[in-house]
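Visitor: Sequence:
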Amino acid sequence: RICLDESVKSASDLRIALQVGAIGILNLKPARVGGFSECLEIYRVCVENELPLWIGGMLETGVGRAANVALASLPAVNLPSDISATDRYFAADISEPPFVLGADSALAVPAGFGIGVELRRDRLEEAKRRWIDKYPYGKAVAR
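7 is the number of the first residue of the sequence shown in this note's numbering; add one for each residue after it.
One or more of the hints may lead you astray.
Calculated lysine to any residue pairs in the SDA-like style (CA-CA distance at most 25 Å, straight line) [said to hold, decoys possible]:
#1 Lys35 to Asp11
#2 Lys35 to Arg21
#3 Lys15 to Ala97
#4 Lys140 to Gly62
#5 Lys140 to Asp88
#6 Lys134 to Asp93
#7 Lys134 to Leu80
#8 Lys15 to Val53
#9 Lys140 to Ile100
#10 Lys15 to Pro81
#11 Lys15 to Glu102
#12 Lys134 to Gly40
#13 Lys35 to Lys140
#14 Lys15 to Val26
#15 Lys140 to Tyr95
#16 Lys35 to Asp128
#17 Lys15 to Gly62
#18 Lys140 to Ala82
#19 Lys35 to Gly122
#20 Lys15 to Ala28
#21 Lys15 to Phe119
#22 Lys140 to Asp128
#23 Lys35 to Leu80
These aren't lab readings, by the way, just hints derived from the structure by calculation.
Let the hints inform the model, and build the full structure from the sequences given.
Guide: Now the structure itself:
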């Protein structure tokens, strides 16, 4: 089977790939398709067509990671997803609790309200300050 990734940026792209027989599995990355509304439409098309799929991600903060984990927990996401632990990319994330790989190499779906994580505004402010210090041209944008 062929797994498509970067070539599917919308539900429309997915429908075309299905029509021409160019896809056997989908790697769905929320950031690539523009967010979770489009993800849910793509998910619906996968369900309707019994297309296997998995969720991918990389550089999301804990906020994005929590949303990806929630998406990966949907019943039709039937392949192992590629969502890493917090400490793979961040020493200190902007949200808590951190995502930690269990003994089975899985991440738990957060049980808190909403997407299950709390924003650490102090860490967000620190990340903003470091960004402004590193990229001075961004000072006008960041205010």
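Visitor: Mind checking the alpha carbons of Lys35 and Lys140 for me, to see if they're no more than 25 Å apart?
Guide: Distance of about 28 Å is beyond 25 Å: violated.
Visitor: Between the alpha carbons of Lys15 and Ala97, is the straight-line distance 25 Å or under?
Guide: Distance of about 31 Å is beyond 25 Å: violated.
Visitor: Would the pair Lys35 and Leu80 pass a check requiring their Cα atoms to be no farther apart than 25 Å?
Guide: holds (14 Å)
Visitor: Does Arg21 lie within 25 Å of Lys35 when you go C-alpha to C-alpha?
Guide: holds (17 Å)
Visitor: Next pair to validate is Lys134 with Gly40; report whether the Cα-Cα distance is within 25 Å.
Guide: The hint holds at about 23 Å.
Visitor: Take the C-alpha atoms of Lys140 and Tyr95, compute the straight-line distance between them, and say whether it is at most 25 Å.
Guide: Roughly 19 Å separates the two Cα atoms, so the pair holds.
Visitor: Lys15 and Val26: Cα distance at most 25 Å?
Guide: With a Cα-Cα distance of about 16 Å, the restraint between Lys15 and Val26 holds, given a limit of 25 Å.
Visitor: Lys134 and Leu80: Cα distance at most 25 Å?
Guide: violated (33 Å)
Visitor: If you draw a straight line from the CA of Lys140 to the CA of Asp128, is it 25 Å or shorter?
Guide: holds (18 Å)
Visitor: Does the alpha-carbon distance linking Lys35 and Asp128 stay inside the 25 Å limit?
Guide: violated (28 Å)
Visitor: For the pair we were handed, Lys140 and Asp88, check the Cα-Cα distance against 25 Å.
Guide: Answer violated: Lys140 to Asp88 is near 30 Å, above 25 Å.
Visitor: Is the straight-line distance between the alpha-carbon of Lys140 and that of Gly62 25 Å or less?
Guide: violated (29 Å)
Checked against the numbered hints given earlier, this structure breaks hints 3, 4, 5, 7, 11, 13, 16, 18, 21; the rest are met.
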